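**Q** Single-letter residue listing:
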Amino acid sequence: MTLIAEPVIATKRELAEAAMRRSWFPVARICDLDTPQTATLLGVNLVVYRDGEGRVAVQSRRCPHRGGDLAMGEVHKNSIGCPYHGWEFSSSTGACSRIPSLADQSKIPPRAGIASYPAVEKYGHVWTVLEDPIRDMYDLPEWEGVELEWLAAEPLDSPVGVAVSIENFRDVAHFPFVHKVSMGPTPEVVEPLHVQRDGLDVWMDRPLDAGSGEWAGDGNCMMRYHCAAPGFASITYHYEKLGRRVVAGFPSPIDYEHVLIFWGVANEVGFQGASLEENLRIEEIVYREDLPVVEMVEPKEIPWDAEVQEFSVPADMFTLNYRRSFVELMNRVKDGVRVHA
Amino acid sequence: MSTLEQTTIAVQVVATRWEAESIASYEFAALDGSDLPEWAAGAHIDVHLPSGLTRQYSLCGDPSERSRYRIAVLEIIDGRGGSAEVHRELRAGRTLQIGLPRNNFTLADAERYVFVAGGIGITPLLPMIRQADRAGTPWELVYGARSAGHFAFGDELARLGASVRLLAQDVDGHPDFAALTQDSTGAAVYCCGPSGLMDALTEHMDRAGRLTDLNLERFAAAPVGETAPGDGFQVELARTGTVVDVGPDETVLDAVRAAGVDHPSSCEMGFCGTCETKVLAGEVDHRDDLLTDDERAQGNCMMICVSRAKCSRLVLDL
Chain A
-1 MTLIAEPVIA TKRELAEAAM RRSWFPVARI CDLDTPQTAT LLGVNLVVYR
49 DGEGRVAVQS RRCPHRGGDL AMGEVHKNSI GCPYHGWEFS SSTGACSRIP
99 SLADQSKIPP RAGIASYPAV EKYGHVWTVL EDPIRDMYDL PEWEGVELEW
149 LAAEPLDSPV GVAVSIENFR DVAHFPFVHK VSMGPTPEVV EPLHVQRDGL
199 DVWMDRPLDA GSGEWAGDGN CMMRYHCAAP GFASITYHYE KLGRRVVAGF
249 PSPIDYEHVL IFWGVANEVG FQGASLEENL RIEEIVYRED LPVVEMVEPK
299 EIPWDAEVQE FSVPADMFTL NYRRSFVELM NRVKDGVRVH A
Chain B
118 MSTLEQTTIA VQVVATRWEA ESIASYEFAA LDGSDLPEWA AGAHIDVHLP
168 SGLTRQYSLC GDPSERSRYR IAVLEIIDGR GGSAEVHREL RAGRTLQIGL
218 PRNNFTLADA ERYVFVAGGI GITPLLPMIR QADRAGTPWE LVYGARSAGH
268 FAFGDELARL GASVRLLAQD VDGHPDFAAL TQDSTGAAVY CCGPSGLMDA
318 LTEHMDRAGR LTDLNLERFA AAPVGETAPG DGFQVELART GTVVDVGPDE
368 TVLDAVRAAG VDHPSSCEMG FCGTCETKVL AGEVDHRDDL LTDDERAQGN
418 CMMICVSRAK CSRLVLDL
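The listed protein sequences derive, respectively, from chains A and B.
Note that the numbering used here has the first sequence beginning at -1, numbered continuously upward.
Note that the numbering used here has the second sequence beginning at 118, numbered continuously upward.
One chain only, chain B, in its complex shape (with noise of 0.2 Å):
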């Protein structure tokens, strides 16, 4: 049961423009020049592509500019097509429909802020800069990426005042993750950018026990099945004693069950919660979409369909 809902609003491309290597940026008002709806910090939309594709990204105007939304969009050429569709199709004059601003990564009061952007990244971090320097809250900015034409919004960010921090990586290296969770002690952090740099910050909060003051935008769910799975490594069937070796092709799953394991499961693909299975011992490597942040911390659970080891050998309750 619920409601009668619309979806989508119909908007021109009213300007773009370069902000860095490969990073275009692309302002969207209603065709019929009505006020936008609101949004927060955080919010993203779908926009829907003339091919049929539709795509997330995350909204980097001013909220307090109702007339128009925002987006920057990174060029990946060997990725899925959707941003090089918005590379090659969206010019000015261009109408398409997108979706209502949907937010999922908001920014929470606190005392002060450390924004730890990489790359395309920066794009939800801007607004939540913006308002937390309005609110007059201390906030600082670390933002990696490649090289020095990589950064996007370098002038608005030089307007922000003088908390900001740009590594560029082939000069300055990777930021240094130990320092920035030390540094960030008693505010709040919120990143967004390559999951490699995203999971480098989370294992250091979760280290220094700060999880919780931790906020992560993922642009796309943890990768399933397109990357290779990993090493191989073992899985000991606590119930029996049967020790199975899990090969760097194979689901824990199939492991399982070619060892004569009769496991339920279902969309075996990280989702629906199905094969849920108890670890007795050993350190997951989680790569479902259903846990929480907690439930993985706590690690005595885990998708045996996709997700794997971080170490040698799990103890399953099979």
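So here's chain A without its partners, still in its complex pose (with noise of 0.2 Å):
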């Protein structure tokens, strides 16, 4: 065979930190917006508010004329005004629309603008990408024709990356010793699991019964575990009895390895177990239970070069399909982007 001069090879950790750049994360939560919110995503200072037409806006925070807080300034009707002094950036284009020291607003300087960048709301969050995507917005099949009412809990701040995040909400082998408190003694062995990936998603059926918990006597449950890469985890319960409830997790990279979880729980209208209040209140305390475990894990990311060793076992399945996926995402921008081109 031919080779074609050798190229130079991104490491896996640019290729994760490419492909996070171009993949869909939460930046504030839509019951928020009543002010204009600050944001960091992948060290990109943000702000995000809704303008008077409702519309909402995803821009950087920085003004262009002397770096003034955009998240401190006031919104206008289609557009944001600095907190300095007073320069309006439209809330769509991120162009300056007006200058109030300049009497001839035709004197604005043409470049003078922010960044504007895609915002969606879903899921109780408003979701931004800084780059060309990579993958579509999160959208499960599960919630196909589901109608969830969702509740944005209080964002947790962790320092580790979005991977690990991830890995702790789906990893099973650790509730008898993290939740020993929360879940009392479950059992340590894990079954082998019956993990399915397709793409970027990985989920898993697992029955849950109600047993002597918080929650029993809600009766029997079905539960999808689904997570796509790079930062989206859900647990979908489906109870016989009562209908669906959802607790989501998504991670978003304030850097490399320092995520703010933006998280949520949902019910299905007509849903006839707890609250939302009540399901949130719980899941708080097992999630509360976790962090101070996971920040202290040493490296704060996966080793995607091998630069540590790790040694994995089949409790781990689910987890190491989730890490395949997110491999599939950096070939994405491996092979459809020059990386160090």
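Fair warning: there could be bad hints in the mix.
[Unchecked claim] Pairs of lysine to aspartate or glutamate residues, derived as EDC-like cross-links and limited to a Cα-Cα distance of at most 20 Å, are as follows:
no. : chain 1 : residue 1 : chain 2 : residue 2
1   : B       : Lys395    : A       : Glu275
2   : A       : Lys239    : A       : Asp216
3   : A       : Lys120    : A       : Glu275
4   : A       : Lys239    : B       : Glu155
5   : B       : Lys427    : B       : Glu320
6   : B       : Lys395    : A       : Glu12
7   : A       : Lys10     : B       : Asp434
8   : A       : Lys120    : A       : Glu147
9   : A       : Lys332    : B       : Glu182
10  : A       : Lys332    : B       : Glu412
11  : A       : Lys332    : A       : Glu293
12  : A       : Lys120    : A       : Glu152
13  : A       : Lys10     : A       : Glu308
14  : B       : Lys427    : B       : Asp362
15  : A       : Lys239    : B       : Glu182
16  : A       : Lys239    : B       : Asp152
17  : A       : Lys332    : A       : Glu12
18  : A       : Lys120    : A       : Glu145
19  : A       : Lys10     : A       : Glu255
20  : A       : Lys120    : A       : Asp134
21  : A       : Lys10     : A       : Glu296
22  : B       : Lys395    : A       : Asp333
23  : B       : Lys427    : B       : Asp316
24  : A       : Lys10     : A       : Asp253
25  : A       : Lys10     : B       : Asp379
26  : A       : Lys75     : A       : Asp30
27  : A       : Lys75     : A       : Asp49
28  : A       : Lys178    : A       : Glu293
29  : B       : Lys395    : A       : Glu326
Bear in mind the hints are in silico, worked out from the structure with no lab data behind them.
Since this is a predicted model, take the numbers as computed values, not measurements.
Join the two chains into one complex using the hints; note that each chain is given alone, in its own frame.
**A** In structure tokens, the structure reads:
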């Protein structure tokens, strides 16, 4: 076979970061949009707000005049104004639309604008993507035709990467150790996991017997564990007697090794079980048991380049499949874009 | 994060029945007499045996019968001991723990079904056949077994009608996979049986471009390390042009390492994906547990700790 000149191969870590810059992440809760919100996604400082006409905007936060923080600014009908000198930027394009100090508005410097990013309202949150997307917004087949009512939780700060955070959400072998307080004794041995994967999606079904836990009396239920690379994890509980409820986590990378975990719960309209508030309260107790353990893991993100040796066992089949789907996402970057060309 | 769960049910063996040569069926009912959890055709349960062994068996009764589960077990004399223990220990009256039904082999809607069973592989298919029959969906069953004495559930199948073709291997030989593939055009194919049967059917369906119509239930992961890895072959390392011999008892990983390639690995049993390697040419004999059927069919990557070659030389991006 013939070989062309050896290309410069990016590390998997670089591919992972590039892939995330082209994937959707939440940057704010919809319920917080009464005032402009501050967000940081992979080092990019953002402001998220709803303009006077109801349009949600995700834009860069720094005023290009003298660096004012637009998240402290005032929202107008279809623009946001800088708190420092009142410069206004269009909520749809980011172009500077008014400079109050200027007598002649035709003299606005033509390139004085802020970057605008896509904004999608879904699952109680505002989602955006920094660069040309390589995956669609998350859309789960098991929620098709199901009307879900969402309650977005207070986001949780966790100094680890997106994939470590998702793997915690997806792990099934840590219950008897991390959650022995909230869950009581649970089996240590993990049964063979029947994981399915298709492209960027990984899922498995597990039965839930109500047992004697917090939700005893709710009857039997099937749980669909679903996650999608890079940053989506959900459990859909389908109770024989009550209907469906959901808990979902969407860690959003402030930087490569530091996430803000946006998450929430949802109930199917007409759900007969506990209220959204009650489900959120219990899930948060569980989540807060994870955080102190997970934030101390080393390294802070999956060692994609095998820079640290890890050993896996069959109980890790779900997270191993998630890693494989993340690698597929990286390959989309590698195949479509000349990284380090 | 997730939720507290209880995953076993205490049951009692309420009936056993000799179904065919070396195959016995067992019916379980909840110790407290309550209904058992719902299940769908294709589901299986963990059976926790008295010795502490856990084995998975397909449910082969009727899902609408909520008070009982039925499994059928082929006694494998030289196996890992689970089936022999079932045959030895599970008598009517015995109590034991079972897991909740799980299903990764579900019957999807289709215009028509072709079921292909080999030996004890009839078990997950039997409730599927019943479901298809009740729904009025046309179906056929091709059921192969070693001899006439090895067909289980013959009377139940006979009651289900004439779409059953029994092939006794000692008289009829192996199924004609080419004809089976051709005749099943437009149908969803569900197959369970020995890996030789499933591999052969997969190969024919693949050749016909119909892998997506094929649904398989494997009772065990493809054997790793228990069988001889097969014949030797060569791998060409594309980055240097080096050609490395891989002996019959050697893994590709060991061979390329011996040739000086520093390559990561972790589980070395084919499930973690750490040693994934890009394949530039050649046909792979996939033996891992991580890749999907589509990825195997694409053939552009392999787990070199367990997978091998179906050809004399593989070219790897190493």
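**Q** Look at each hint and say if it fits the structure.
**A** Hints versus structure:
At most 20 Å may separate the alpha-carbon atoms for a hinted pair to count; Lys395 of chain B and Glu275 of chain A exceed this at roughly 48 Å. About 7 Å separates the Cα atoms of Lys239 of chain A and Asp216 of chain A, which keeps this hinted pair within 20 Å; it holds. With a C-alpha separation of about 19 Å, the suggested pair Lys120 of chain A and Glu275 of chain A falls inside the 20 Å cut-off, and the hint holds. A hinted pair counts as satisfied when its Cα atoms are at most 20 Å apart, and Lys239 of chain A with Glu155 of chain B qualifies at roughly 12 Å.
Distance hint between Lys427 of chain B and Glu320 of chain B is fulfilled; the C-alpha atoms sit about 13 Å from each other, no more than 20 Å. Under the criterion of a C-alpha separation no larger than 20 Å, the hint pairing Lys395 of chain B with Glu12 of chain A is consistent with the structure, at around 19 Å. For the hint pairing Lys10 of chain A with Asp434 of chain B, the CA-to-CA distance comes to about 16 Å; that is within 20 Å, so the pair holds. Taking the CA atoms of Lys120 of chain A and Glu147 of chain A, the gap is near 11 Å; set against the 20 Å cutoff, the hint holds.
Pair hint Lys332 of chain A plus Glu182 of chain B does not hold up; C-alpha atoms about 53 Å apart against a cutoff of 20 Å. For the given pair, Lys332 of chain A sits about 18 Å from Glu412 of chain B by alpha-carbon distance, which is consistent with the 20 Å threshold. Straight-line distance between C-alpha atoms of Lys332 of chain A and Glu293 of chain A comes to about 30 Å, which puts the hinted pair past the 20 Å bound. For the hint linking Lys120 of chain A to Glu152 of chain A, the alpha-carbon distance of about 16 Å falls within 20 Å, and the restraint holds.
Restraint check for Lys10 of chain A and Glu308 of chain A: satisfied, since their Cα atoms lie roughly 16 Å apart, inside the 20 Å limit. At most 20 Å may separate the alpha-carbon atoms for a hinted pair to count; Lys427 of chain B and Asp362 of chain B meet this at roughly 14 Å. Between the alpha carbons of Lys239 of chain A and Glu182 of chain B the distance comes to roughly 19 Å, so the proposed pair stays at or under 20 Å and holds. With a CA separation close to 14 Å, the supplied pair Lys239 of chain A and Asp152 of chain B stays within the 20 Å bound.
The straight-line distance between the Cα atoms of Lys332 of chain A and Glu12 of chain A is roughly 10 Å, inside the 20 Å bound, and the hint therefore holds. Pair hint Lys120 of chain A plus Glu145 of chain A holds up; C-alpha atoms about 13 Å apart against a cutoff of 20 Å. Under the criterion of a C-alpha separation no larger than 20 Å, the hint pairing Lys10 of chain A with Glu255 of chain A is consistent with the structure, at around 15 Å. Between Lys120 of chain A and Asp134 of chain A the CA atoms are separated by roughly 13 Å; this keeps the pair inside 20 Å, and the hint holds.
Taking the CA atoms of Lys10 of chain A and Glu296 of chain A, the gap is near 18 Å; set against the 20 Å cutoff, the hint holds. Proposed proximity of Lys395 of chain B and Asp333 of chain A is supported: the alpha carbons are some 13 Å apart, at most 20 Å. Between Lys427 of chain B and Asp316 of chain B the alpha-carbon distance is near 13 Å, which keeps this suggested pair within the 20 Å criterion. Restraint check for Lys10 of chain A and Asp253 of chain A: the C-alpha separation of about 16 Å stays at or below 20 Å, so the hint holds.
Taking the CA atoms of Lys10 of chain A and Asp379 of chain B, the gap is near 17 Å; set against the 20 Å cutoff, the hint holds. Among the hinted pairs, Lys75 of chain A with Asp30 of chain A is consistent with the structure: their alpha-carbon atoms are about 18 Å apart, no more than 20 Å. Distance restraint check for Lys75 of chain A and Asp49 of chain A: the Cα-Cα separation of roughly 6 Å lies within the 20 Å cut-off, and the hinted pair is therefore satisfied. Restraint check for Lys178 of chain A and Glu293 of chain A: the C-alpha separation of about 18 Å stays at or below 20 Å, so the hint holds.
Distance check on the hinted pair: Lys395 of chain B and Glu326 of chain A sit about 13 Å apart at the alpha-carbon level, within 20 Å; holds.
Hints 1, 9, 11 from the earlier list are contradicted by this structure; the remaining hints agree with it.
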